[in-house]
Amino acid sequence: MLTVRDLTVSSGSATEPVDIVAGVSFGVAKGEILGLVGESGCGKSMTSLAIMGLLPQPGPRVRAGRVELDGRDVTQLQPWQRVEAGHGRMAMIFQEPMTSLNPVRRIGDQIVEAVRVHDDVSAAAARARELLELVRMPDPEMQLAAYPHQLSGGQRQRVMIAIALACRPQVLIADEPTTALDVTIQVQILGLLRELCGRLEMAILFITHDMGVIAQLADRVAVMYAGRIVETAAVDAVFGSPRHHYTRGLMDCMPSRNAGARRLPTVSGQPPAPGTIRAGCVFAPRCGAAREQCHVMTLSRVEVSRGHEVLCAFPLNGGEPA
Amino acid sequence: MSRDAAILWLKPFIARPIALAGLGILLTTVLAALLAPWLSPYDPNAIDPVIRLTPPNAIHWFGTDQFGRDTLSRVIHSARMALLIGSGVVLFALATGVPVGILSALFPRLGHVLMRMIDVLMAFPTLLLALGLIVILGPSLTNAILAIGLGYMTTTTRIVYGLTLRLRAETYVEASRSMGAGTIWLIGRHILPNLISPLLVQASFVFAFAQLGAASLDFLGLGAPPEIPSWGNMLAESRTFVTRAPWLLFFPGMMIVATAFSLNLVGDALRDRLDPRFRQVFGEKG
Amino acid sequence: MWSFALKRAGTTAVTLVAASVMIFAFIHVVPGDPIYVLLGDTATPDQIDALRHQLGLDQPIILQYLTWAGHVLEGDLGRSIFFQAPVTSVIADGAETSILLATMTMIWVALIGVPVGVIAAVRHGTWLDQGLSGAAMLMASIPTFWVGLYLILIFAARLGWFPSSGYPSIFEGGVINLRYLVLPSLALAAPNAALILRLTRASMLDVSREDYVRTARAKGIRPWQVVRRHILRNALLAVVSAFGFTFAALLSEAVVTETVFALPGIGRLVVQSILRRDYPVIQGVILVIVVAYLLINLLVDLSYRVLDPRVELQ
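Protein chains in written order, with numbering that gives the first Met the number 0: chain A, 0 to 321; chain B, 0 to 285; chain C, 0 to 313.
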């Protein structure tokens, strides 16, 4: 449903581009949730904004690559341009439900505004109500007249989802939608997304830094590091036998996997800043198993098993180095 | 200032040609003020009724006024008055605003009272405050400086107060406080050094506004004494001859505009290189 | 809302009382005995004693202030030495000109400052934006009286489109007399429009970085609709307060402009009263302007709260 090929997002000048996202490729199928996971600053948010056509201006831009929505090229198109071109069925929800709604306009108006982009004006109000019911908003009739500050964080995120659903999306991008919420609310929102994904047959690209959320929600995972996707696989495969050393490191940091540990292990060192990246594997400087060639050789993606790709010259094998 | 620091300060100007031009105009004005007796072709006060109201020509580049005085020489000499008023107002605003602002931020009880007093002063529009003070003190150069300075003392105090509150809340200041640092040491080591850049920005803006304020007072006949050449006085005198001798209006006015504009450009460029946390105090976010 | 309004009104009242003390003190610190100040140089000793007693100047200073404040509250600001008339009526005579001038100025400011500021913000970072922002800074650096003199030179003396000085009341000559205020209001508008332009631009840019603007864009509505529905309204909320502030400041900023155009407004009254040493008038005008200034700011603050639905919670 959503296909991204060699997407490269760069800041800096045209002659000396600095790649924040470097040749990212993945696909998300109908009814599937792909978790895009990585540390903050790895380029996952930039990836999502680039796909959506919402990169801040002035700011980084898409330098190369292709984004396809249901087989149609939507690269570089802003949302309104996609709507014009008839490929408007992609929506996004954001990390901060507290600030993502206009504080001086009523909830109803804000949903109706989204509905009107795609639907007949006359039925918009009824459709807004329907959408609030769809996201299981308690007392939808009353909430239509409410202002954002009168709602809780979880309710606001439900409103955001309702707004996103207004275009009957084939693809929904969710950029850390639960990070700012309480754990109990987080579970509810994740459940809602899972349910909507199946019921509305959407493809969901779910962006998070939290492996725990991925484990709960996603069907497949793409692990991102320093602007590159270093491992892609089904959730079970990744959690069962991670093949990239970075993925392994991330999983060792999960509290649930280290129930007895006094102190959580961490991946030592810092990810490289964009622009400082040289030849060789991007993770080599932090990799415990790096060999001499890792710092110089050019890597290409390897399919280690069916549907399991990894960007590593010496991938782990069943949790142990090959 | 080390070479690196100098480069750091020049950076915003190099990136912006127009700000560099502003710096150039400013330096020219300063030079004109310092070298006025050598630069000006004639005595600015020499009267020659024969050549009165001569339009600009090869001998008198900027023409002459109603007494036959050379406009160019008077414009050059007026730069001294502009610089004097500007630096006087800036010094007054800083000398009063900085201590009041810092002390108010460090001692909340005192600060509460002082900042309320600043609020009261701010209830008076700047020009009105200046006029009221001139009435009390009588028109003179010093009093013009005081009168204009008082209006900018309030804004300077507010800015220093806001900045000091932020600095005080910052962890390293907290830490040195908890280690028993004395107030004077705190001010000297942590607060003043951090205030230098924002105060430089404020000084540029105050200097610019002081030019306009002084020109207004001069124009109303309540500023520098009429016998002293100043751009405002020259404009006040030119009023009667506006249609006959427009050059008398043009040149001094251009000088005021050029000086105020370049100061604003410089202040703007300096502000843009300020720490974003500090920029907010100047009402520009991000 | 009400508790906020009360609190805000309370601070305004305190500031006002403090300011009134300063204004009261004014007449006592001007050079010379206030009696001479009030009576002029030609007073006889009997007159002086009579007035001293009548004004209660033989009373303790606090009592004097209270008496004065009482008179002020009753609308009695004393008598003008020059006009030999109540200060209130002298000020009222100038009020028409000043208020109309300030209003007309604000119309120019709104018509120029806001739209151009919006354009600069929408074209953020382009040459157009830099040009407009630079032009605004230039406008803010030009003395109003210089602009005024040039306007007179061009539009009054050369072209003869507008009168160069004076202002006969619209109540006597009809609305056509507003043409007397066109040039002065334009001169006065220049720096203030520049201010509003910069403020509008900065405010628009601030708001356009908000998350909810990104949400609006994500919905797929057109860019100009994003600006109109989401950025503009929220950005103008901040500009509104500057409008009130500017209007209030104009009442006194007009001093120089009214002098250039010989307008019979409050500003020119101040300057002439200073030159005539008509201290009661100066005192009265300062008081009136400060009260207007504080009240307008109070109103703006309160209306700002009303415009923003978030206050319901507070």
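Any given hint could turn out to be false.
Stated by the list, open to error - Derived coverage of chain A by chain C (criterion: at least 3 residues anywhere in the stretch with Cβ under 8 Å from a Cβ of chain C; other residues may be distant):
no., segment
1, 19 to 25
2, 78 to 88
3, 111 to 124
4, 157 to 170
5, 182 to 189
In short, the hints are calculated from the structure, not lab data.
Remember, it's a predicted structure, so these values are computed and weren't measured experimentally.
Even for Gly, the Cβ is constructed at its ideal location relative to N, Cα and C.
We went through each hint and held it up to the structure:
1. 19 to 25: violated (count 0)
2. 78 to 88: It holds, with 5 qualifying residues against the three required.
3. 111 to 124: n = 4 at 8 Å, threshold three: holds.
4. 157 to 170: Coverage by chain C holds here, the residue count being 5 at a Cβ distance below 8 Å.
5. 182 to 189: violated (count 0)
Violated hints for the displayed structure, listed by number in ascending order: 1, 5.
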